[in-house]
Amino acid sequence: MKRLSLTQLLIINTILYTTEFNVGQKLVGKTIRDWEREFKFELDSLGHFPAEINETEMEKVLKTVREDKIYSKIEILDVDNSKSGYNDGSEPIVNVTLKYEDMIYIAFKGTAGGVEWRDNAYASYPEYAFTEAQREALEYFDKMYEKYVNCNIKKVYVTGHSKGGNKAQFIMVMRGSTEHTKLKKCFSFCGQGFNKTFIKTYSKEIEENKDKIYNISADNDYVNVILTQITDKIKFVKSITNIGDIAKKRAIIRHRFGAWHSPYVMLKEKNGVLVINRKTEQSRLMRTLQLFLAYIYENMTEEDLKYFYHAMSSILIEKEKEKYIPEKYRNAPKGFYRRFITHIYNFQKEEDNLSFVQILGLLRPMLTEMGAVMIKTRVGLDNIVTITNNEKDNENIENISIIEYSHEKDEEKIEGKKKKKGKIEIITSMINPKEWFEDITKRAKILRKKYFKGKENIEKEKEIKKKN
22 MKRLSLTQLL IINTILYTTE FNVGQKLVGK TIRDWEREFK FELDSLGHFP
72 AEINETEMEK VLKTVREDKI YSKIEILDVD NSKSGYNDGS EPIVNVTLKY
122 EDMIYIAFKG TAGGVEWRDN AYASYPEYAF TEAQREALEY FDKMYEKYVN
172 CNIKKVYVTG HSKGGNKAQF IMVMRGSTEH TKLKKCFSFC GQGFNKTFIK
222 TYSKEIEENK DKIYNISADN DYVNVILTQI TDKIKFVKSI TNIGDIAKKR
272 AIIRHRFGAW HSPYVMLKEK NGVLVINRKT EQSRLMRTLQ LFLAYIYENM
322 TEEDLKYFYH AMSSILIEKE KEKYIPEKYR NAPKGFYRRF ITHIYNFQKE
372 EDNLSFVQIL GLLRPMLTEM GAVMIKTRVG LDNIVTITNN EKDNENIENI
422 SIIEYSHEKD EEKIEGKKKK KGKIEIITSM INPKEWFEDI TKRAKILRKK
472 YFKGKENIEK EKEIKKKN
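Residue numbers for the sequence shown follow our numbering, so the first one is 22 and each next one is one higher.
One should not assume that every hint holds.
Computed Cβ-Cβ distance ranges for the label pairs, DEER-style [unchecked claim]:
1. Gln46 x Glu319: 33 to 39 Å
2. Thr77 x Asp163: 22 to 28 Å
3. Glu96 x Tyr146: 19 to 25 Å
4. Ser26 x Gln46: 42 to 48 Å
5. Arg58 x Ser224: 44 to 50 Å
6. Thr40 x Thr301: 47 to 53 Å
7. Lys340 x Thr77: 23 to 29 Å
8. Lys370 x Lys23: 48 to 54 Å
9. Thr218 x Leu83: 41 to 47 Å
10. Ser224 x Thr77: 42 to 48 Å
11. Thr322 x Met22: 31 to 37 Å
12. Val44 x Asp163: 23 to 29 Å
13. Ile255 x Glu153: 44 to 50 Å
14. Pro354 x Arg58: 40 to 46 Å
Derived pair list, reagent style EDC-like, types lysine to aspartate or glutamate, alpha-carbon separation capped at 20 Å [as the list claims (entries may be wrong)]:
15. Lys206 x Glu122
16. Lys289 x Asp89
17. Lys47 x Asp99
18. Lys84 x Asp253
19. Lys206 x Glu148
20. Lys47 x Asp123
21. Lys164 x Asp109
22. Lys120 x Asp55
23. Lys176 x Glu88
24. Lys61 x Glu80
25. Lys90 x Glu63
26. Lys206 x Glu228
Hints were generated in silico from the structure; no laboratory data involved.
Since the structure is predicted, the reported quantities are computational estimates derived from the model, not experimental observations.
Positions of the beta carbon are idealized from the N, C-alpha and C atoms, including for glycine.
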């Protein structure tokens, strides 16, 4: 019997975000087709569309399920939504077990609430080989395997989206080489990677199972680039989304990078139903972000790295953020911004991709979440960028970083190609933020004169050279 297709698996991972799976057990014993019949479009407990899929888009999902007879044969054996992502019980963590013919599919929903966003940050800690959420996913798998996998079941698959995809990969590594011989493959959608401790501790298991792990991600997805992937079977899919047609403002709030992480973005309409989109390359923007995250993972101090990952994970914590961030990492370590900007600059010098200022712009949502204010002004060919925290106390100047960045006229040859050299100056002391903001125009003029001697002088120098 043929296994479920990537399109069918992606549809299943998409509907795990709906209320019917998030609340109660009424779907147990029914089919995916029954889910379609009982589905009622409503916002989740936090007022968001399920998986950021609006009504028009969700109707396409429903139509796809209605018109594919396979979904009438996919039985829902178990739904576990007993734990929540927030302390008030909202945004459930969802695990589901399905049966199709002689195969079992165990699926894990993506990150749920502050509890799991905090767990995502813990996944970067070098002292942890794995996290609480990964351990709980493994326990659920073991329970379902023991309960439902018998002589009539020929194959078992694990799947998930986002954090759910990471959980599925984790299970494939931990159980793929054991007595669970019917566990065949893992299909992860936009699943993030793993830290160095996990990769070192379970190197043997990873090597034995990496060819069974498939990670399929949207070309503009920003989650799969986090930490280190453990499989070579990585596929990128063209991203298409209509998100925002009905609730553009809501989408921007929910997904700071344009809602590109929703599983729906990997689907396209063909002959009236949804199918997984065509294979493509990872976008240049996300490739640069992936390289940068790998760079800082190798070069940041441990404390800076932990703070950075908590700040990055907290972008999508919807409420009471401080409850889900360890007190030690609620504020930036002393001198963090200076070190962080230096990392960006040094990375830009090593990687011939985006410019320093473009990379800074890419990281702007993270910097904002860290409590930073970023101002960029353009003066001639000068880029002047200021990053400081939101402290109103003007005497607290330790965390201010003023970056004066310019392209110099001189060029150097790198591998036979001409490349403009950049110059950066970082000032972190004896600067009063308030005075700098008030005097920004004056400083800009000074910088222009300092680096370029003024536009008029440059033109005069050119004329003198021509005469000589």
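Verification of the supplied hints:
no., hint, result
1, Gln46 x Glu319: 33 to 39 Å, "46 Å, violated"
2, Thr77 x Asp163: 22 to 28 Å, "40 Å, violated"
3, Glu96 x Tyr146: 19 to 25 Å, "39 Å, violated"
4, Ser26 x Gln46: 42 to 48 Å, "28 Å, violated"
5, Arg58 x Ser224: 44 to 50 Å, "47 Å, holds"
6, Thr40 x Thr301: 47 to 53 Å, "33 Å, violated"
7, Lys340 x Thr77: 23 to 29 Å, "28 Å, holds"
8, Lys370 x Lys23: 48 to 54 Å, "51 Å, holds"
9, Thr218 x Leu83: 41 to 47 Å, "43 Å, holds"
10, Ser224 x Thr77: 42 to 48 Å, "47 Å, holds"
11, Thr322 x Met22: 31 to 37 Å, "53 Å, violated"
12, Val44 x Asp163: 23 to 29 Å, "25 Å, holds"
13, Ile255 x Glu153: 44 to 50 Å, "27 Å, violated"
14, Pro354 x Arg58: 40 to 46 Å, "54 Å, violated"
15, Lys206 x Glu122, "17 Å, holds"
16, Lys289 x Asp89, "16 Å, holds"
17, Lys47 x Asp99, "10 Å, holds"
18, Lys84 x Asp253, "34 Å, violated"
19, Lys206 x Glu148, "29 Å, violated"
20, Lys47 x Asp123, "23 Å, violated"
21, Lys164 x Asp109, "27 Å, violated"
22, Lys120 x Asp55, "14 Å, holds"
23, Lys176 x Glu88, "26 Å, violated"
24, Lys61 x Glu80, "11 Å, holds"
25, Lys90 x Glu63, "26 Å, violated"
26, Lys206 x Glu228, "14 Å, holds"
Against the hints set out earlier in the document, violations occur for numbers 1, 2, 3, 4, 6, 11, 13, 14, 18, 19, 20, 21, 23, 25.
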